[in-house]
Every structure is written in C-alpha cells, then in structure tokens.
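Enquirer: Take a look at the letters that make up each chain.
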Amino acid sequence: MTTHPPHSDARHFHERAHAAIHDPKIRQNFRRAMDGLMSKRKAAFDGWDLEALRTLGAHIRLRALAHLPELLEQLERRLTENGIQVHWAVDGDEACRIVRDICVARGAKRVIKGKSMVSEEMELNHYLAQEGIEALESDLGEYIVQLADETPSHIIMPAIHKNTGEISELMHEKTGTERSHDVEYLTAAARQQLREKFMNADVGLSGVNFAVAETGTLCLVENEGNGRMTTTVPPCHIAVTGIEKVVPSLADVSALLALLTRSATGQHITTYFNLISGPRKPGELDGPEEVHLVLVDNGRSAIYQDDELADTLRCIRCGACMNHCPVYTRVGGHTYGTTYPGPIGKILMPHLIGLDEGRHLPTASSLCGACGEVCPVRIPIPDLLVRLRRESVDGDRLHPARVPGHGAKRGATEALIWKGWSWLHARPGLYRLGTAVAARLRRLQPNRAGAWTDYRTAPKLAAKTLHQRMKERAQ
Amino acid sequence: MSSRDIILQRLRQRTGGPRTVPECDFSVLQRPDWSTAERIDRFRRAIESVHGEVHLCRETDWVDRLAGLLRARGARNLLLGRNHPVSEAVRASTHPDLPPLRVYDRPIEQWQPELFNDVDAGLTSTRGGIAETGSLILWPTPDEPRLLSLVPPIHVAVLYASELYPTLYDAMHAQAWAAGMPTNALLISGPSKTADIEQTLAYGVHGPKELIVLVVE
Ligand code: SF4
Chain A
1 MTTHPPHSDA RHFHERAHAA IHDPKIRQNF RRAMDGLMSK RKAAFDGWDL
51 EALRTLGAHI RLRALAHLPE LLEQLERRLT ENGIQVHWAV DGDEACRIVR
101 DICVARGAKR VIKGKSMVSE EMELNHYLAQ EGIEALESDL GEYIVQLADE
151 TPSHIIMPAI HKNTGEISEL MHEKTGTERS HDVEYLTAAA RQQLREKFMN
201 ADVGLSGVNF AVAETGTLCL VENEGNGRMT TTVPPCHIAV TGIEKVVPSL
251 ADVSALLALL TRSATGQHIT TYFNLISGPR KPGELDGPEE VHLVLVDNGR
301 SAIYQDDELA DTLRCIRCGA CMNHCPVYTR VGGHTYGTTY PGPIGKILMP
351 HLIGLDEGRH LPTASSLCGA CGEVCPVRIP IPDLLVRLRR ESVDGDRLHP
401 ARVPGHGAKR GATEALIWKG WSWLHARPGL YRLGTAVAAR LRRLQPNRAG
451 AWTDYRTAPK LAAKTLHQRM KERAQ
Chain B
1 MSSRDIILQR LRQRTGGPRT VPECDFSVLQ RPDWSTAERI DRFRRAIESV
51 HGEVHLCRET DWVDRLAGLL RARGARNLLL GRNHPVSEAV RASTHPDLPP
101 LRVYDRPIEQ WQPELFNDVD AGLTSTRGGI AETGSLILWP TPDEPRLLSL
151 VPPIHVAVLY ASELYPTLYD AMHAQAWAAG MPTNALLISG PSKTADIEQT
201 LAYGVHGPKE LIVLVVE
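Residue numbers (UniProt numbering), protein chains in the order written: chain A, 1 to 475; chain B, 1 to 217.
There's no promise every hint is true.
[Said to hold, decoys possible] Derived DSSO-like pairs: lysine-lysine, alpha-carbon spacing no greater than 27 angstroms straight-line:
1. A/Lys174 - A/Lys197
2. B/Lys209 - A/Lys409
3. B/Lys209 - A/Lys174
4. B/Lys209 - A/Lys197
5. A/Lys464 - A/Lys419
6. A/Lys25 - A/Lys174
7. A/Lys471 - A/Lys460
8. A/Lys109 - A/Lys174
9. A/Lys409 - A/Lys419
What the hints contain is simulated information worked out from the structure, not anything from laboratory work.
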C-alpha cells in the first residue's frame, strides 16, 4: 500500500476553512463528536478537585522539563540495562532512517503500527513505502484513514470526520467487506483483516505516552488491544517518541494517566495501560526478542530554549483543546493542513514548519480561552498564540523573535501605519487635534472595510472624543 | 558529534537559563481508605460500566463458577498458564462443565496460528486490582505469558479481594514497582473496545470481547 506524503499545507487554511464551514456533513460529524467528548470529560472529573489535579499535572511536566537532559540520560541508562536499544534522531528524516536501518538489518518487509503521532510527524509510512517496506496501521481509526489515503483529522480519533456510511463504503471498496451500517460488523471485519497482518508482521512500531526514567519503562495507553498486539506479537518492537515525553517516576505517571484519559475521551482509565520495560527474557514464551526506542528531537530542543515557548512541550497529547475549540469544531482537523490540528497544532506546528508556512495558524483563533481552561497540564495556549502573532510581525521589543520564519507577516504599509500611530500618540496636541477632526468627519466613514466587515459590522467613531467627554463631566 | 550529543548539548545550553522546579502535591490523588466491601463495590461498578463482568466467589467454588460461565458461553476450550496455583486449581478439578484444557507451554512461534484461531478462552491470575478505576494488575511471567490475556476472545481473571487497592498510586507504592519492573506489566480495565467509527462503542476489536473477573473473597 502506498501513502501520499501527509502534505503539510498550512498556507491554504482560509480556502479550506471557507469550504469546510459550508459543508454540512463536516459540520455535523465534528459537532456531534465534540459535544459528546466535552460532556464525557466533564462527567469523568465529577467528584475530583480538577483544578488541584491540573496544577499537579502542570507541575509534574514542568519538573520533568526542568531536568530534561538529565532525565533523558537516566532513561537511556535504564533502558539499556533492561536490554532496550536507544537511538537519537535530530529530525524526522534521521528517525525514518533509523527505523529503516533496523528493518533492513532484520530483513523486515512488513511493519504493523500502533498509533503514533510522532510517526505521522516523521511521515514514516511514506518513507518506508519508498524503501519497499509496507507499514500498515492497526488502530481502527488509523486503519480507516490509511485505507482512504488520508491523514488523521484528530489526534485521538483519527477518523472522526467520517460517518459510518462513508466508512462502510470505503471498506467495501478497498477490502471487499460487505456494506453495512452495523458498527459491530465493520469492527469485526477489521479485526479479522488485521489479525492475519499481526501474525505475519516482521516489526511492530508504536508511539509512547510516557517514558519513565527511574525504571526505564515505556507506557502506552489504548483501548483496542492493537497496541499490545503491536508490541508483543512481532519479533521486533520499535517505539518512537518525542524527547519531551520523559518523566522522572512511575508516581508521576499515575497522576498524568488520570488526567490524560479523562481529558481525552472522558474515561476513568483506558482498557489497556501497557508498561514495557524490556524484550523477551530467557524462559518467557512470548514478546519481542528486540526492543528499540527512537528519541526524536525534530525542533523540540529549539522550542526548549525559550522560557515561554517551552511550555508547549508540557503537552500530553490528550486532544481536549481541540474538542473544546470553537474553530476546530467548525472547520475540522484537515482544514489546518498540519500533522497536529487544533490549538495544540497552532502553538506547535509553527516551530516545525515555520511561521511563513504556518502564517495562518496563530490567527485561526478567537482567543476565547477554552483550550487553556481545559488543558490538563495548564499550557497557557492563548498567551502562546499571542506570542506567535507578535513573532509573525516581528512586533516584540521585549523578547527576541526566535521561531523560524518570524516576521513573515510584517508588511511595509502596516509597519508604517503603526509607526505613524506611535508618532501621533507621542504628541498630545496633534493627537487631540486629529481625534477632534476625525469625530467631525465620522459621517464620511465607510461602512465596509475589506474582509474585516465580511462577518462583522464596522465600528463607528464616537461623536465626541474621550477627552471632550471627560472635560464635560468635570464641569 | 553524534545526534545524541547534539541534542543533549542543545538542551543543556538553553538560553533561558535554569528552569524553576515547582512542588508536586500528590495528595489530590488520595482516596478514602475504603473498606474491602466498598472496594469490591467500586471495582464492580467500574468494570460493569465498561461491559465487563464481576462474580463474587469463594476459594472453594471459583473453579465451579468458571466451569458454569464457560459452559454458558459454549467455549470449546480453555487456555491455562503453566505452573501457577490458579491453573493448578483448574487442572485438579473434575467439574463436568469444564471444557477441554490447554496449556500455554511452548514459545509462541511454535503454535501462533493455533492460539489465534482455535482458542476460545484464557485464564490468568492477577497481581491485585484497583477499586477506583476497575483495573486488574497483570505482570505476565514465563508461566502466564502476555498473550494469554490478549488473544483468546474470552479473558477470565482471578482476583483476590484482599489485593484490591484504592488507586493506582496506592498499588504502585504498596507493591514497590519502582524497585524493579517486569518486561511487561499491564492494567486491564475491561474488554477490548473502540469508538473509532462515529463514536459508537464496539467490543472485541483486537483483544478479548469479554472480560470476566472472579473476585475471590
Ligand atoms: S495542549 Fe493541553 S489540552 Fe491540548 S492536547 Fe496538549 S495537553 Fe491536551
């Protein structure tokens, strides 16, 4: 099976958003799903001191990030002692090459995959296909998305943009499954198709939710059991993860797990919580004989340089911010044209693709603040969006702009207008004269102001300036 | 320089200077010290809410209960671990309702298609459970391998009520997990499920369709 490169195409956000807003099917599929996820999350935290729990989550992640290099070294040491081979990749390409080399060394041709957003970030499937290695997704949602030759539209629910009818049609066309609107039937068909693949796979590839430094343990959270299959049945298991996923201790994991599953899908816990600390030991009857961990940087160490931006790395990929985002809910995940959609995508992707390519991401937000309010690790997403907006126009005198492609939206006219603005504001006499004249001429003010008034009414200048009114009040 | 050193060096020489380390207050995770009866009750409610089954038994009758449950489902066979008190108890039984017994005693490579296609039910012990979330703790061993609880469509687990902990945090501490983890440890909290098709729940997607817990009081 071939897969198109998940074309990162953030430039055309507006065109796609316009189309999505007028597509009742997309609106309905997302609205229904997101409403469900929001109410389930709320119910799952019932009886908890949610704010204290979020503070704990935030502090655990902050503490882990504060010691990131030491923790990575400790993790490497422990994993190596446990018999897991550790690899480091500066970027996605290097990570792809590492995976390929492991496959080639084993003569592996078939890779079965558990869910991994980092592998999407690496565009691994596409890379392996070019190298003649088949990579097959086994998470049901990812399987559907792969059959459709698409990319996930949600980080937890990859096929959320499709309804049952579309999935049935797709499975019929691609796998010969009989058409049915019975979800149980479709699920059973996929189970059968994938069981064969598990048995014949040479390598299982998965992501990692948390990597524990004290014990050298890789934690995977899932409901389907495909993650367990992927990490147990094939003779070789390769896990890929971002370098920020490491935490000091198992106790930390118990708190983050409580936050993750409840925030993501409103579950108290997922069906499986799988902790892997080594390959098959002598005497054991199953499990992979080889386990590898690929630690992927891909822009993360650059984000880490800046105190404010580094908060982006706290993320535990629960997806709650997208479930609660009024923009995401209306336009859906594909509109963003990026690996990670929604609020987390808007603060993360500019670092990976640059603020020129990702110019529309920080502004695809009403700054309503819902994402920041639900984030289980208290990432101040709205503040980060504002920071990125400033960086796009190089409008920050306090922080040096450091995101790749910063200043891409800085225009000569706009810069000139702001310059004039600040010049005027530094001269009280002229300023007063200017506002008084403007108030007189308010009738001449146009009703339309370009795209700005497409969805809004134009503001009207007041008949009297603030200075005049204050003076009248004082009299 | 290796990629490893490049990454570590970039992290070490961060321009923002050292980061502050906040206190982590874990008391928010604490649950009341529920009585055993209360723990069983919570465990049962949590498992049942995700389509699992809980049966209260005694040391003397859980094998009979198991036999009846398997018969009601028409299971053609039951897969056991090698040397474990739980599997030995079943082997010692002569209950007529027990299906033919099989033992997971060979490396998976030698009988994979059989395990995947012909086994109806698997029986495992547990290392305790978690009342709050309705979770079973499993540490697979050479005697009870990993796939015993994953591949057969029915998974039956034996849980001793005295080993029910209030929370995961409590279980980890009481059992000193940090002192050394096995190659694979698991929390299992229900049968395998998915909601990937239009948010509609379906059970038994890759793992067992049914989870039956025999709680021995
Ligand atoms: S930013 Fe926060 S809410 Fe969004 S996915 Fe990450 S952890 Fe979840």
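Enquirer: So if I understand the rule, the pair passes when the alpha-carbon distance is 27 angstroms or less; does B/Lys209 with A/Lys174 pass?
Expert: Holds: B/Lys209 and A/Lys174 sit about 26 angstroms apart, inside 27 angstroms.
Enquirer: Assess, step by step, whether the Cα of A/Lys464 is no farther than 27 angstroms from the Cα of A/Lys419, and give holds or violated.
Expert: With Cα atoms ~25 angstroms apart, A/Lys464 and A/Lys419 stay inside 27 angstroms; holds.
Enquirer: Decide if the proposed pair is consistent with the structure: B/Lys209 and A/Lys409, CA atoms, cutoff 27 angstroms inclusive.
Expert: 54 angstroms, violated
Enquirer: Within a Cα-Cα threshold of 27 angstroms, do A/Lys25 and A/Lys174 meet the stated pairing?
Expert: 22 angstroms, holds
Enquirer: Can the restraint linking B/Lys209 and A/Lys197 be considered satisfied, given a maximum Cα separation of 27 angstroms?
Expert: The hint holds at about 19 angstroms.
Enquirer: Is the hinted pair A/Lys409 and A/Lys419 satisfied, with a Cα-Cα distance of at most 27 angstroms?
Expert: 16 angstroms, holds
Enquirer: If you draw a straight line from the CA of A/Lys109 to the CA of A/Lys174, is it 27 angstroms or shorter?
Expert: 21 angstroms, holds
Enquirer: What's the verdict on A/Lys174 and A/Lys197, does the C-alpha distance respect the 27 angstroms limit or exceed it?
Expert: Given that 27 angstroms is the threshold and the Cα spacing comes to 16 angstroms, the pair holds.
Enquirer: Can the restraint linking A/Lys471 and A/Lys460 be considered satisfied, given a maximum Cα separation of 27 angstroms?
Expert: Since the Cα atoms of A/Lys471 and A/Lys460 sit roughly 22 angstroms apart, the hinted pair holds (cutoff 27 angstroms).
The structure fails to meet hint 2 from the earlier list, while all remaining hints are met.
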